[in-house]
Amino acid sequence: MIKSPKPVTTRRAFLKSAAAVSGALVIGFWLPEKGGRAWAQGTPKPVHPNAFLRIGKDGTVTVIVKHLEFGQGVTTSLPMLIAEELECDWTKVKAELAPAGPEFANLAFGMQGTGGSSSVSNSWEQFRTVGAQARTMLVSAAAAQWKVKPEACKADKGFVTGPGGKKASYGQLAEAAAKMPVPEKVALKAPKDWKLIGKATKRIDSQEKVDAKTVFGMDVKRPNLHVALVLHPPVFGARVAGINAEKVKGVAGVTHVVEISGGVAVVGKSFWAAKKGRDALEVQWDTPEALKVSSDKLTAQYKELAKQPGPSAKKAADPNAIKTAAKTVSAEYEFPFLAHAPMEPLNCTVEFRGAEAEIWAGSQFQMMDQGAAAKVFGLAPEKVKLHTMAAGGGFGRRANPVSDYIVEACEIAKEIKVPVKLIWTREDDIKGGFYRPAYVHRVEAGIDAKGKVVGWNHAIVGQSIIAGTPFEGFLVKNGIDDTSVEGVADSPYDLANLDVTLHTTKSAIPSLWWRSVGHTHTAFVMETMVDELAAAAGQDPVAFRKVLLAKHPRHVATLELAAAKAGWGKPLPKGRARGIAVHESFGSVCAQVAEISIEGGAVKVHRVVAALDCGVVVNPLTVEAQVQSAIVYGLSAVLQSEITLKDGQVQQSNFHNYGVLRINETPKIEVHLVASTLDKPTGVGEPGTPPVGPAVANAVAALTGKRPRVLPLGKTKWA
Amino acid sequence: MIKFFVNGEPVQFANDPDTPLLWVLRDNLGLVGTKFGCGRAQCGACTVHIAGEAERSCSIKVSAVAGKNVNTIEGLTPSNPVVKAVKAAWVDKDVVQCGYCQPGQIMSAVALLAKNKAPTDAQIDDAMEGNLCRCGTYPRIREAVKTAAASLGGKR
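Protein chains in written order, with the numbering used here: chain A, 1 to 719; chain B, 1 to 156.
The shape of chain A in the complex, shown without the other chains (with noise of 0.2 angstroms):
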């Protein structure tokens, strides 16, 4: 059956941005109180061990992971925090990823979520207990059955031993342990004690990644699935104007046609039928002139505001001081809108059976995606059953405040009930929006004779990510978005009369976060203008930092260990150059250097060495791993990446034109972790982005004497 939808002239509300979306949005989750900023907050509450934790009766433990599994190895370092202190044996030991659910709030957000590269650090106390509280139970149950008390007894290896050699399995105490009652306050073991904390541990998901059986939300299989695609307007913001599905007719498998808030559906048997629909569908589009942005105009209107005063983020004590400079450095920086693009095409699989509904989904947002399919089809939250799924890649593009694409589905899914799996194509996604925003900085910044900094004048320009959001309320504060000028106006940087103003601008082009969020820009400009500042001091970049950063150990030990392990300071072969940058993002610390040649005019990274201090190391394996990701990811944006706007459309489609590392271009890298004086863990999934970038430029300028500025890289020619 084909619905050919007459011609409407009026609309509902549609997503012109993420502004006017999220603002009518009612979810129901709880967020923080107002003032605190997301992962500042948390402190852990005793929870029920049955949410996180099962017992089989062969002795398998399977920890109920309350984050997204997307590549960041949560799935092994959860249950090694949960495992460290039931004393169980880790070769039983599976991970399961949890359902939407209150219970699996992350307790630095206050409602569930996986970002901000907190699962481990707001998981730490919890699960811990979660698994003390478990075993104390497994230990009461061995010692009521046994007539003795629970201090005779003793647990580990998932046997707990009793007086006279007594010995049961935790499997089979499980059931019994279950009615006893949950031990409100129990001890956690000193870190001398661990076992498992701290040691390199292979993932636990490998051999099923290996043989291909993992389902990710893509592979999700039902009964009569259809497949759905839509065709999304071609600039944002546009309206459909009309709808002509005559050829879709005609094309065999093709079910649905139908209108939704973000374009027009396509609904078939196989996603061939449906891809073949969309592309024989006609519609036609009503986009006013406004819309009709391009990047380039967008870049000199932003460079213009740069020069405006505008919101303060931060004032100078001293505003004029930077005249009495001896020598200053002023310059613009220029960074494109940047596409996610995880491997795993964004889909979204509904069935909508009226009185409720179930949906498969790898989402970094499970009660903010239920609350927002709940809504569509008019249910209670409790009423939409959300299965985490297993996600290929994310970045961000999965934690979406406006849950574009679940909408999307379930849209589809209310309108033809029948089981539906939305699937975005790869052009779908580069073009689809809810990027890391478009900014431009302008810095003026003067040193005295000693170069010491005696003045830094910061202005940024772009979108926010927060503002419309749910999350506006405490992140966004007079006017200015906390994540567009993180990294810049908390500098740990000894500068005098730091002065920072943000330009918020808005525009139909979605925006969101992507890894790292707003360090992905702030610490280039940071980290290239320091290094500019040392150049024009006549000083070593490190000794420079290092001058400027004496108040905080961490950064300094970082930035030292990179530099020791890098050879900082020994002579390179000619046409090599190094450069290093040190950043703080997400409680972490991390230095990196790049070192760099120049081949036919592109920049060519043979190397990067990293340090990182991220507080207790979990698991150094999956540690190293998350910094190896984080620079291959970062180096994408800084040599290849750029999404970029022609009268409102935008001119990528797929991975021939939005360029990503391959393997034959990515450098050596090494990662050496520092030992922290920290006695927790902070954030290892982001902090590796933001130094790479900076480390790159500066190795080109040591190299070339030119200071890039405009990102990608890979738009300008070296020599």
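Among the hints, a few may not be true.
[Said to hold, decoys possible] If we take Cβ atoms under 10 angstroms as the criterion, some of the chain B residues that face chain A in the derived model are:
hint : residue
1    : F5
2    : L22
3    : E53
4    : W90
5    : V91
6    : M128
7    : C133
8    : I141
In short, the hints are calculated from the structure, not lab data.
Please read these numbers as outputs of a predicted model, since none were measured by experiment.
By construction, the Cβ of each residue, glycine as well, lies at the ideal position given by its N, Cα and C atoms.
For this one, chain A is given, so just place chain B on it according to the hints.
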């Protein structure tokens, strides 16, 4: 009606002959180990073996494989020495992150090592550059391919 073989089993396909092989494998045969990533042979997530060569199934019409044998990740023989070596090296080196691209990576690595048991760094890059990984597992992929080659007796 197009007749061909998938993992040694005869199959028939009666729908649109222009359907990409990838979607016949996934939607019609339920073999979802072969992944959709880009649809235009840019990312390698859909890599399969056709006559021993690593090919991108998203950009091959099903009509083009009539009479041929297509091997997917599900059809890799666990006892095959190259398959065994590659999978063991992938686990040993803790390569996978999200894992979505890895079936494609493994298909490319198996095709490489089946022909060349002692690939140079440049040959590894050359054989694997068609397989994108946004998690950036490339450093460990390199290590794993070398580990697998070494275990197969390849020396260089």
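Status of each hint after checking the structure:
Evaluation of the F5/B hint against chain A yields a violated restraint, the C-beta minimum of about 19 angstroms exceeding 10 angstroms. Of the supplied interface hints, the one on L22/B holds, with its beta-carbon coming within about 9 angstroms of a beta-carbon of chain A, less than 10 angstroms. Against a cut-off of 10 angstroms between C-beta atoms, the interface hint on E53/B is violated, since the closest Cβ of chain A lies about 19 angstroms away. The interface hint given for W90/B is met, as the beta carbon of that residue sits about 5 angstroms from the closest beta carbon of chain A, less than 10 angstroms.
For V91/B, the interface hint holds, the least distance from its beta-carbon to any beta-carbon of chain A being 5 angstroms, beneath 10 angstroms. Hint status for M128/B: holds, given a least beta-carbon distance of 5 angstroms to chain A, under 10 angstroms. A distance limit of 10 angstroms between C-beta atoms decides the matter here; for C133/B the minimum to chain A is near 7 angstroms, and the interface restraint holds. Using the Cβ-Cβ criterion of 10 angstroms, the hint placing I141/B at the interface with chain A is satisfied: the shortest such distance is roughly 6 angstroms.
When held up to the earlier numbered hints, the structure conflicts with 1, 3 and fits the remainder.
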